[in-house]
Every structure is written in C-alpha cells, then in structure tokens.
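The task is simple: from the sequences and hints, build the whole structure.
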Amino acid sequence: MTLSQGHLIAFFAVLAFISWVGVDAARQVKNAADFAVGGRKSGVPMVAGTIVGTIIGGASTVGTAQLAFSVGLSAWWFTLGAGIALLVMATFYAAPLRASKLQTIPQFLTLHYGPRAGKLAAIAASIGIFFSIVANILSATPLVSALFHTDSARAVAFVMALTVFYVVFGGVWATGRVGIWKTVFIYITLLAVTYTTYTRMGGWHGFCSAFPSYPWFSLVGRGWGIDLGSGLSLLVGTLTTQTYIQALFSASDESTAKAGAVTAALVALPSGIPAVMVGLFMRVHHPNIAPIDALPLFVLTYLPPWLGGLAIAALLLAAIGSAAGLALGVGTMLNRDLLPALKWRFCETHALLTNRLVVFLVMLGAATFTFGNLRSLVLEWNFLSMGLRGAGIFFPFSLAIFCPGRISPQLALLSIVSGTAATIAWKFIYPQGTDPLYAGLAASALVLCAAVFIGRNNSCRSAS
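Adding 350 to a residue's 1-based position in the sequence shown gives its number in this note's numbering.
Take the hints with a grain of salt, since some may be wrong.
[Claimed, not checked] Computed cross-link-like contacts, SDA-like style, restricted to lysine to any residue with a CA-CA straight-line distance of at most 20 Å:
| hint | residue 1 | residue 2 |
| --- | --- | --- |
| 1 | LYS469 | LEU749 |
| 2 | LYS451 | LEU461 |
| 3 | LYS451 | ALA440 |
| 4 | LYS777 | ILE576 |
| 5 | LYS777 | GLY573 |
| 6 | LYS451 | PRO754 |
| 7 | LYS451 | GLY464 |
| 8 | LYS777 | LEU796 |
| 9 | LYS469 | SER758 |
[What the hints assert, rightly or not] Just the calculated beta-carbon pair ranges, DEER-fashion:
| hint | residue 1 | residue 2 | range |
| --- | --- | --- | --- |
| 10 | ILE538 | PRO637 | 24 to 30 Å |
| 11 | PHE442 | GLY722 | 36 to 42 Å |
| 12 | PRO562 | LEU711 | 44 to 50 Å |
| 13 | ALA503 | SER420 | 24 to 30 Å |
| 14 | ALA449 | HIS555 | 47 to 53 Å |
| 15 | ALA363 | HIS636 | 25 to 31 Å |
| 16 | SER758 | PHE561 | 49 to 55 Å |
| 17 | ILE538 | GLN355 | 16 to 22 Å |
| 18 | HIS636 | PHE752 | 47 to 53 Å |
Hint data in this document are derived by calculation from the structure and do not stem from the laboratory.
C-beta atoms are modelled at their ideal positions from N, C-alpha and C, and glycine is treated no differently.
Structure (structure tokens):
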C-alpha cells in the first residue's frame with residue numbers, strides 16, 4: 351500500500367484538524383471532574399459522540415472487514431450487538447445511572463454491595479477493557495506499518511503516541527468532541543465504500559452469484575453457539591463498560607443521557623454492513639491478501655486519492671479513538687476506585703495529574719502486549735474483552751439498578767468472583783470451545799439462584 355500526494359494531503363489535513371479539536375477540548379479541563387465526566391454538563395451530541403467514538407473503532411471497521419473476508423455476514427455481530435445493547439441501555443439503564451451522580455460502575459456497586467465488590471468489579475472490568483484496547487491497537491498497527499513502510503515496533507509507538515495525545519489532555523471532552531468528528535469522517539468513508547462495492551459487484555445480484563447463501567449471508571455462519579455468543583458478549587459487555595456508562599454520567603440530565611444512548615445506537619447499528627461488503631468484495635477480487643488488509647487496501651485502490659486519504663485517516667482515528675475512550679474508562683476506574691483503596695490520597699490537582707498518568711500507563715501496557723499478538727484476529731480479543739468485563743458484573747449490576755437491596759453484599763461478591771473466574775478458566779481449558787461468556791454468566795447466575803433457593807427453604811423451615 352502506497353500513498354500518493356493526494357492521499358497524503360487529505361490524510362494529514364484530517365489528522366491536523368482532529369489534533370486541533372483535541373487541543374481545544376483540553377482547554378475545557380480545569381479539574382478531575384471535567385476530565386472524567388465533563389463537569390456533568392454534556393449535551394446529546396457529546397454523550398453520543400463519546401459512546402460512538404469508542405464503539406466505532408478498529409474492531410467495527412478494519413476488524414469487521416477482516417472477519418467478513420473469512421466468514422461473511424456473521425462479522426456484523428460486533429456493531430449489531432452493540433447497537434441493540436445501546437437501545438437496552440437507553441430504555442432501562444440510562445435514567446437510574448445518571449440519577450446516581452457517580453462516576454464509575456464500581457462506585458455504583460460499592461454503594462449497593464460494599465467496597466470489596468466495587469474493587470473486584472474495577473479489577474475485572476479493567477482487565478476486560480484492556481484486551482479491547484489491545485484489539486484497537488492491533489487493527490491500527492498494520493495500517494500504519496504498511497502506509498509508512500515502517501516496522502511494527504515504530505507503528506505501535508506511533509499509534510500509542512497519537513492515542514495519548516487524543517485523550518490524556520482532554521479526557522471525556524476530547525473523547526466526545528473528537529468522537530463526533532471521527533464519526534462524521536467514518537460515515538463519509540462507509541457511504542463511499544458502500545456505493546463503490548455495490549456498483550463494482552453489480553448490485554446485490556453480484557454478491558449472491560459470487561457466494562453461496564450459507565455461510566456467507568447468514569448471521570450464524572460460524573455456528574449458532576459462536577455467533578449468538580458474540581451477540582450476547584456485546585450485549586453484556588456494552589452494558590457493563592465503564593466508558594459508555596461514563597458518558598451517561600457526564601450528561602446534563604437523565605433525558606439527555608437517554609437521548610444520547612439512542613442516538614449512539616442508531617449510528618452504530620448499520621455501521622458494520624459496509625465493512626462486511628468490503629470484506630466480501632476483496633475476497634472475490636483479491637483472495638490472496640492478508641484479511642486484515644482488506645479495508646485499508648480497498649480504500650487506497652478503489653477510492654479517489656482525496657477520499658482515500660480521508661478514509662485512511664478516519665480508519666486510523668477509529669482505532670485510536672476507540673482505544674483512547676476505553677483507556678479513559680480504565681483510568682477513571684483505577685483512579686477513583688482502586689488507588690483510594692490503597693490509601694492513595696491527593697488533592698483535586700493531583701487527581702487530574704494521576705488520571706492522565708494512569709491513562710498513559712494503560713496505553714503503554716496495551717502497546718507492549720500487542721507486540722506478542724500481531725497476527726491474531728482483532729474481533730477475537732474484542733469478544734473475549736466483552737465477556738471478561740461483563741460476565742461477573744452483569745447480574746449484580748442489573749439487580750442493583752432494578753431490585754436494590756434484594757441480594758446481600760456477600761452474595762454479590764461471590765457472584766462477581768464466580769462469573770469472572772469461570773470465564774477465564776473456560777477460555778484456558780477450552781480455548782476453541784463454546785464462548786466463555788456462557789460459562790461466566792451461568793456461574794454468576796447459578797450463585798444467585800442457589801441463594802434464592804436456599805433462602806426460600808430456610809423461610810419454609812422457619813414457618814413450619
């Protein structure tokens with residue numbers, strides 16, 4: 351892949367504009383609350399921009415095209431599942447979470463189940479989100495390496511530096527503002543590739559004649575267990591991801607939180623289809639390429655140079671913006687939930703500095719981890735991430751919202767431990783088996799159901 355002068359002009363123009371937006375956002379940050387939740391004065395565009403800017407990343411673009419090149423339509427599950435989850439979030443979760451006036455999911459769990467549950471949730475969620483950051487760095491690294499003819503080490507360093515610049519100074523303001531513009535550029539790219547692939551393939555008939563209906567045009571082309579597990583991973587993971595919940599906490603009021611989540615859902619739902627079309631197109635016309643190169647190679651080969659340069663910048667920003675938003679979520683949890691538990695005391699100024707330092711260290715760790723996994727599938731890390739962050743937390747978190755006081759702190763803690771441990775154990779014991787999310791959710795639910803059953807038996811004995 352080589353960039354022409356037209357590609358370079360458009361590419362650097364977009365990067366310069368986005369950098370200016372990030373620097374301008376940093377001027378809004380006066381304290382740690384501004385950094386983490388935007389001073390709780392975000393409107394619908396900022397809330398939606400923060401969510402979409404994180405969801406539509408390397409996994410939903412480069413990663414989806416990579417998987418579609420190999421399996422077809424079932425690669426759509428990432429954005430499809432995320433969009434459905436955001437609609438559920440807007441309908442049931444947004445109002446009570448915004449009304450709590452907190453900053454993190456662990457704070458919410460601490461309020462209902464005590465500090466031990468909050469700390470454990472912060473650790474589990476941080477590990478899960480970490481792997482999603484890795485996935486986004488993974489999707490950006492070969493892109494940078496191919497474009498600038500550099501090795502993977504320099505490409506990872508470039509991705510990390512741009513990500514840190516993106517978020518470490520502006521926090522949620524940068525994530526939201528840049529997310530809005532990034533979404534605009536991504537949708538310009540997606541519309542362009544949709545039109546180009548559709549016309550060059552000769553319409554829907556061309557796609558149908560090139561591939562059999564199964565598995566290429568089936569949402570369960572990889573098997574019911576795998577693909578429905580992917581959708582469930584997105585549902586559970588999205589509803590328990592700090593960055594998306596943090597966007598709700600930053601909203602100016604409850605109705606804004608709801609509207610922002612709905613807007614994000616409507617933007618995210620269809621965004622995977624163009625990437626799927628590119629994956630199929632490149633499978634027909636360039637069957638010997640590396641699958642991860644499908645989308646970058648398409649935009650450089652089949653789009654006009656000015657649009658191709660914009661598209662490459664948008665794809666790079668998609669991966670970087672998603673990684674930055676997720677790193678912000680991890681940084682906020684570590685700064686607000688784990689460091690205070692370690693007796694880390696600081697004033698408001700030090701809290702802002704610590705927030706930025708933690709985000710930087712999270713990105714450094716993710717970049718280092720990426721080196722050993724440069725040939726792995728992007729979406730595999732994302733689906734594992736969703737399972738890890740949600741399997742143990744989902745049921746206790748949801749019960750705290752809808753049925754507060756119904757389960758004891760000890761039971762909630764055991765449910766979180768069981769779900770998280772089962773997910774990790776299943777992945778190691780059966781790496782190619784059923785989605786580990788099933789094991790995690792089953793273990794977490796089993797603990798809660800067993801406690802209810804035992805409680806009823808004890809009540810019956812007391813009555814008799």
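Each hint tested on the structure:
1. Distance hint between LYS469 and LEU749 is fulfilled; the C-alpha atoms sit about 18 Å from each other, no more than 20 Å.
2. At roughly 12 Å between alpha-carbon atoms, LYS451 and LEU461 fall within 20 Å of each other, so this suggested pair holds.
3. Of the pairs offered as hints, the one joining LYS451 and ALA440 holds, with about 17 Å between alpha carbons and a cut-off of 20 Å not exceeded.
4. For the proposed pair LYS777 and ILE576, the alpha carbon gap of about 13 Å is at most 20 Å, so the pair holds.
5. Annotation: proposed proximity of LYS777 to GLY573 holds, straight-line Cα distance about 18 Å (limit 20 Å).
6. For the proposed pair LYS451 and PRO754, the alpha carbon gap of about 16 Å is at most 20 Å, so the pair holds.
7. Restraint check for LYS451 and GLY464: satisfied, since their Cα atoms lie roughly 17 Å apart, inside the 20 Å limit.
8. For the hint pairing LYS777 with LEU796, the CA-to-CA distance comes to about 19 Å; that is within 20 Å, so the pair holds.
9. For the proposed pair LYS469 and SER758, the alpha carbon gap of about 16 Å is at most 20 Å, so the pair holds.
10. The beta-carbon spacing between ILE538 and PRO637, approximately 28 Å, falls within the hinted interval of 24 to 30 Å.
11. Between PHE442 and GLY722 the CB atoms are about 39 Å apart, so this pair conforms to the stated range of 36 to 42 Å.
12. One distance hint, 44 to 50 Å for the beta-carbon pair PRO562 and LEU711, holds here, with the actual separation near 48 Å.
13. Checked against the hint of 24 to 30 Å, the pair ALA503 and SER420 passes, with Cβ atoms roughly 27 Å apart.
14. As the Cβ distance of ALA449 to HIS555 is approximately 52 Å, the hint placing it in 47 to 53 Å holds.
15. Here the CB-CB span from ALA363 to HIS636 is close to 28 Å, well matched to the stated 25 to 31 Å.
16. About 53 Å separates the C-beta atoms of SER758 and PHE561, a value consistent with the hinted range of 49 to 55 Å.
17. At about 20 Å, the CB distance of ILE538 to GLN355 agrees with the hint of 16 to 22 Å.
18. Evaluation of the 47 to 53 Å hint for HIS636 and PHE752 yields a pass: the beta carbon distance comes to about 49 Å.
Hint compliance for this structure: every hint is met.
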